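Trainee: So the sequence lines, in the order shown, correspond to chains A, B and C.
Everything in the first sequence is counted per the working numbering, starting at 20 for the first residue and increasing by one.
Everything in the second sequence is counted per the working numbering, starting at 33 for the first residue and increasing by one.
Everything in the third sequence is counted per the working numbering, starting at 476 for the first residue and increasing by one.
Just so you know, these hints were derived from the structure itself, not from any lab.
Be a bit skeptical, because a hint or two may be false.
[Unchecked claim] Label pairs and their calculated CB-CB ranges:
{"hint": "1", "chain 1": "C", "residue 1": "D768", "chain 2": "B", "residue 2": "A155", "range": "17 to 25 Å"}
{"hint": "2", "chain 1": "C", "residue 1": "Q696", "chain 2": "A", "residue 2": "G44", "range": "30 to 38 Å"}
{"hint": "3", "chain 1": "C", "residue 1": "A548", "chain 2": "B", "residue 2": "A155", "range": "17 to 25 Å"}
{"hint": "4", "chain 1": "B", "residue 1": "Q132", "chain 2": "C", "residue 2": "A1154", "range": "21 to 29 Å"}
{"hint": "5", "chain 1": "C", "residue 1": "N875", "chain 2": "B", "residue 2": "A137", "range": "46 to 54 Å"}
{"hint": "6", "chain 1": "A", "residue 1": "G44", "chain 2": "B", "residue 2": "A155", "range": "15 to 23 Å"}
{"hint": "7", "chain 1": "B", "residue 1": "A137", "chain 2": "A", "residue 2": "A80", "range": "39 to 47 Å"}
{"hint": "8", "chain 1": "B", "residue 1": "A137", "chain 2": "C", "residue 2": "E1022", "range": "52 to 60 Å"}
{"hint": "9", "chain 1": "C", "residue 1": "D1082", "chain 2": "B", "residue 2": "E134", "range": "42 to 50 Å"}
{"hint": "10", "chain 1": "B", "residue 1": "A149", "chain 2": "C", "residue 2": "Q696", "range": "16 to 24 Å"}
{"hint": "11", "chain 1": "B", "residue 1": "A137", "chain 2": "C", "residue 2": "G1182", "range": "53 to 61 Å"}
{"hint": "12", "chain 1": "C", "residue 1": "N875", "chain 2": "B", "residue 2": "E134", "range": "21 to 29 Å"}
Please read all numbers here as calculations on a predicted model, not as lab measurements.
Glycine included, every Cβ here is placed at the ideal spot set by N, Cα and C.
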Amino acid sequence: MTTVAGVLLQTVPGAGPRVAARLAGEPGVTLAGGDGDARVALVWEAEDGAALDALAEALLARDPEILGVYPTFVGNDGER
Amino acid sequence: MTRWSAVALRILAPLVLAAAPPALAASKAPPPRAHPDVAGEQECATCHRGQTPAAFAAWEASPHGLALVKCVVCHGSTGKDFRAKPAAAPATCGACHAAQVESVAKRPVKDCFACHAPHSLSAHPHR
Amino acid sequence: MSPMNRRDFLKASAAASALIALGSKAQAAPADPKDLTWTKSVCRYCGTGCGLYVGTRDGKVVSVKGDTENHNAGFLCLKGFLLPEIMSAPDRLLHPLVRKGDKLVQASWEEAMALAATRFREAIEKHGPDAVGFYGSGQGLTEETYAANKLFKAGIRTNNVDGNPRLCMASAVAGYVSTYGKDEPMGCYEDIDHADVFLLVGTNTSEAHPILFRRIVKRKQSGKDVKIVVLDPRRTATSRVADLHLSFTPGTDLAILNAMASVLFAEGLVDEAFVARHLAFGEGADADKTLADYRAFLAEYTPERAAALSGARAEDIVTAARWFGAKGRTAMSMWTMGLNQRTKGVWANNLVHNLHLVTGKIGVPGSTPFSVTGQPNACGGVRDGGALSHTLPYGRLVANEKHRAEMEQLWNVPAGTLAPKPGLATMDMFRALEDGKLKALWIMCTNPAQSLPNADRYRKALRREGAFVAVTEAFHPTRTSELADVVLPAALWAEKEGVYGCGERRYQLLECAVKPSGEARPDLEILCDLGRRLGHGALLPWKTPAEVWDELRAVAKGTAYDFTGMTRERLRTAHGLLWPLPAEGHPGTSRRYVKGEDPLVPADAPDRVLFYGRPDKKAVVWLRPHKGPEEPVDAEYPLWLTTGRVIEHWHTGTMTRNCKELRHANSESVAELHAEDAAAIGVRTGDPVRVTSRRGSVVFKARVVDGARKGLVFVHMHDPDRMCNVLTIDAVDPVSRQPEFKICAVKVAKA
């Protein structure tokens, strides 16, 4: 895993904690915090940008409470 | 260049996010699924027997139906806390099924519904 | 930088950026259930008494989970599941209120308590101790109820101490006491796991005791040919699992129960040896009849006569009796308000006990007459604790000189302190408020202005000029607190520590999980404060509920309730304990009166059971004739009204209506009608109907339901805005003084 991203999830109001709990076991995903209501802050690690894409798509598809996935930071470890 | 790499070149400032998160190519935003306003109604069953007959019949015939673990337990009220797809997080199933929920946490399944069909709750080992 | 360090750096940056994006509402790592603190406790609602753990975070109750090591095996019904929401409900009462003119205004504790103490003291000084009274609750903790009982009976010296179990369990109490000499079931929930036949009479177990219903269903699914017989004018959710459902005209169940006994004799299903060894027979109040008298009495209760009287089918009555009496099969009866809330409630209870006594189906696993209790601490606090107007703690009676002397000794008060005459039972207490004899009333943890029958009459009494009413409550407004002169904020459930005793003689400790909200205080503290202000601080010297508990164990020692071995520490680690439990090593008692199980039965007793509750060591079969309800239907009021519960709500709804999931779920009380009755007045589901009794009138929406009985209307009790008790009758059973909530006459018309 060489790409690290900071991610903000926008959820249905009130769903933040639930969404976060569901992601707790997701490989490559670390919970960083949330506002307790509709936004969850995460750190994602994946092979590359395409893998992060795929993760974002997968989460959006399977969890109707996730409204949006917004990267706040992306860094490549070992590239550049 | 992937969308994510593109984003790496335009790190979004906190101010922008705090305002109105722009709809990036990397995100779809399905509309929040709110329950229709039915303030006058008494019981979920009143409408859902007819509106969602398969789900209702499956629930009614299930252990939850017999024990009257009614819709609100998993789906919330018809207000802001309505959940079309309930979280199988410990807070819900774990209130009565703590041991099972703990065992799920150790397995490579997302949640209870990976094996237990919603509403009927029967196990589908080879789904 | 090494790759690992760079990785960590990147992750830290990523996290920081995401957190910054949250803005000012950022919280560190969101909900991980592993960071909850779990505190062992018991559900706040019904008498099933499910064990649970309260999950808190940062001083707030956020979650519950069932206790897998308690009788409920980790299960909770939907009300228990939603308990966290009641704690921070918007109408939690956080500050004392005092009435000034027409309004209740916020006051300090000092002002409110000083006012209450002054008004009580004045009433006592001017008019004597019986000018004041205490109306308590089966939801109060045992320690709290005991404190009130002691303060009023031994301090103030009035026996005007009663409680809402008078409205729900009094007939069951009198039934047990008249039959066995002692109150409380002799069996336990575990009997459900061994029963071959269930007789469910006057109980909608599915909705009112869901976790017990679950256990019954499990038994039916796992046992061999388990039969469930349901007696109820309505086909409720409980009947979904019935093998036989008998509907009948309200109030005719006494004839059916007698007819069942008659069939048992006719078909040789009676245990003659058991009858000869263990039973006495009685009529009225005297146990001076014989078996021959009983058989002669039963001769007129043929199935055919009972069928003609009740509308049930004779063949169903016979089948029910045959299943119940089948040799070699165990039988368990369970009942609640359908039998208790009747002017002949005590008689109805006696008749169920009779079936078990003549067949000997008692005292073996799966065979027991089990009265199911409604409130979480009616048994432990009010019944066992003796906080009724005619009782003293742990089986003692006010009218018994020896019992009074015992309590005076235990309470360290001069001989003659306790008044020898029983005080006012609930309905009499509120009637005394009405006619001015009662000047001041303390109401703890209950909502009589919604839950009393013929409610409008007693709502007026509560506001009578010159009456002073103090109410301790966790919520405001309730239909009672809105009428009070002083309202004191009471700590709620997880905010205080104490013991609940549920329906199977199981005492369990509720540990305190969070601090009281606002200025709320536990009722024990409030009562100790009141006691001090009235000059009786020496009687209520305790600093903690645990200190009260040690006194309680001493008071129960040597009685049929003896729970000396239930130290506080043992309760802390156990998941409930069943009394009698007389010594510290003792495991508790699953089945009373049974040799080898009940420590109060001598090891050398000659038979497998000993009914030690009565001096003659026998149980009494009472000859109880059929007698109908106080207010049958007639030409002017042609429909029966019955009242009851739905699973979503509890009692007067003050707690459950604060749960958002339940607020819209069945919270509005509707008039459930049979299709033909609805058609006759031209209404369909959703149309408004006016239901009128001789006492009042209420408009409900109509709902046509399957399972309704023709000629019978049902409304539930949980709606403060459509109170069924405006309609109900306040006639009472002459012995138990329990009102007939279940039957009165109404007319229904399109509104």
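Trainee: Please go over all the hints and tell whether each is borne out by the structure.
Mentor: Evaluated hints:
1. C:D768 with B:A155: 17 to 25 Å: 59 Å, violated
2. C:Q696 with A:G44: 30 to 38 Å: Holds: the Cβ-Cβ distance is about 34 Å, inside 30 to 38 Å.
3. C:A548 with B:A155: 17 to 25 Å: 19 Å, holds
4. B:Q132 with C:A1154: 21 to 29 Å: 48 Å, violated
5. C:N875 with B:A137: 46 to 54 Å: 59 Å, violated
6. A:G44 with B:A155: 15 to 23 Å: Given range 15 to 23 Å: holds, Cβ gap about 21 Å.
7. B:A137 with A:A80: 39 to 47 Å: About 23 Å separates the Cβ atoms of A137 of chain B and A80 of chain A, which means 39 to 47 Å is violated.
8. B:A137 with C:E1022: 52 to 60 Å: 42 Å, violated
9. C:D1082 with B:E134: 42 to 50 Å: 48 Å, holds
10. B:A149 with C:Q696: 16 to 24 Å: Taking Cβ atoms as reference, A149 of chain B and Q696 of chain C lie about 20 Å apart, which means the hint holds.
11. B:A137 with C:G1182: 53 to 61 Å: 42 Å Cβ-Cβ, so the 53 to 61 Å window is violated.
12. C:N875 with B:E134: 21 to 29 Å: 54 Å, violated
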